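Quick note, the sequences are listed as chains A and B, same order. Each residue of the first sequence is one higher than the one before, starting from 1 at the first, in this note's numbering. Each residue of the second sequence is one higher than the one before, starting from 1 at the first, in this note's numbering.
Some clues are possibly wrong.
Quick list of simulated restraints, FRET-style, between CB atoms [claimed, not checked]:
#	chain 1	residue 1	chain 2	residue 2	range
1	B	T124	A	I2	25 to 31 Å
2	A	S4	B	G67	30 to 36 Å
3	B	E188	A	K10	21 to 27 Å
Derived by calculation from the structure, the hints in this document are not laboratory data. As the structure is a computational prediction, the values presented were derived from the model and not from experiment. Glycine included, every Cβ here is placed at the ideal spot set by N, Cα and C.
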Amino acid sequence: MIASTSQKVKEGKLVKVEVEYDGIIRRIKITGDFFLHPEDVLDRIEESMIGLGKDASIDTIASIIQGIAQAHDAQMIGIGPESLASVIRETLK
Amino acid sequence: MKWRIVRPEVHDAYMNMAIDEAVSEGIMDGSSPPTIRFYIWKPCAVSIGYFQGIRDEVNLDVCRELGVDCIRRWTGGGAVYHDYEGELTYSVIAPASMFPKNIIESYRLICGWIIRGLEHIGITAEFRPINDILVDNKKISGSAQTRRRGVLLQHGTLLYGLDLRIMFSVLNVSRQKISDKMIHSAEERVTCILKHCDVDKTAVCGALIEAFACGASKTNTENKEHEFGTWSEREIMRARELAEKKYKTDEWTYLR
């Protein structure tokens, strides 16, 4: 199925997540007015979500995002690993 | 190496964004100086943040009808309507080492230059993190920053006049929804220079140039001077190339 959620996160910016999933995530698109640089780190984050079980916890999703952000020395402004994970989790319900 | 200040120019959306990127590349390889530029957009245009879905944000049919260009920025942030008459845009492109490492502090620093420029024309404004400047609690300016390979790029908009009806017709709100109520509510959240001060655009540009030049001279750098300049042949050639091969392409515009 395909689901989407739009949420203004606690860091202040709007995040929209669109997910196609069955038992696992098949496709995911994250959009919004947040800042993340280097910008292409968002592609890495999206790729890392593919294949993840639809019941993955916020903590699991957040730690994957955090790991990628750290590996690329990325800065997230107006959004954070936990709040992005929470919007993804919400979309998978 | 001095700061270079480029006085207000008029370009289309593609060249405007391509110049920012060409200069960023020039700073990366040491061929361009730290640069402050001011510009307006002709034709009028909508720019969207790097991470935004263009179909979510922009009414592409209305843009086509009105001849308004649509462009995806290299920076994050939200959608902006760049009106030829009613808006002024700036960019600051420099080695990131010249600015605070903390992103919010660097926004605060550069937005401080805009606030000082507004002060010169008698408008009291304040910085509201993350990236906004407010007058009487209403947004008058928004900025977007990115850092790549040691280069800081911050560009932002300053509203001079305001045509909310056009703004909301191009920024994906259906025409039926542009009710008086919505216009009224937006007027409570957004403002522009002409609502506070009867001043022509040239005077606003002058005030901003003075404030940015003064602000830049006080940033953390050994080179505290500035001079007025223009683009090198290399920068303009590269910008033309980026405009054609990147910013005008559907692949870039419809990236998300």
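Here's how the hints hold up against the structure:
no. : hint                          : verdict
1   : T124(B) to I2(A): 25 to 31 Å  : violated (48 Å)
2   : S4(A) to G67(B): 30 to 36 Å   : holds (32 Å)
3   : E188(B) to K10(A): 21 to 27 Å : holds (24 Å)
Of the numbered hints given earlier, the model fails hint 1 alone.
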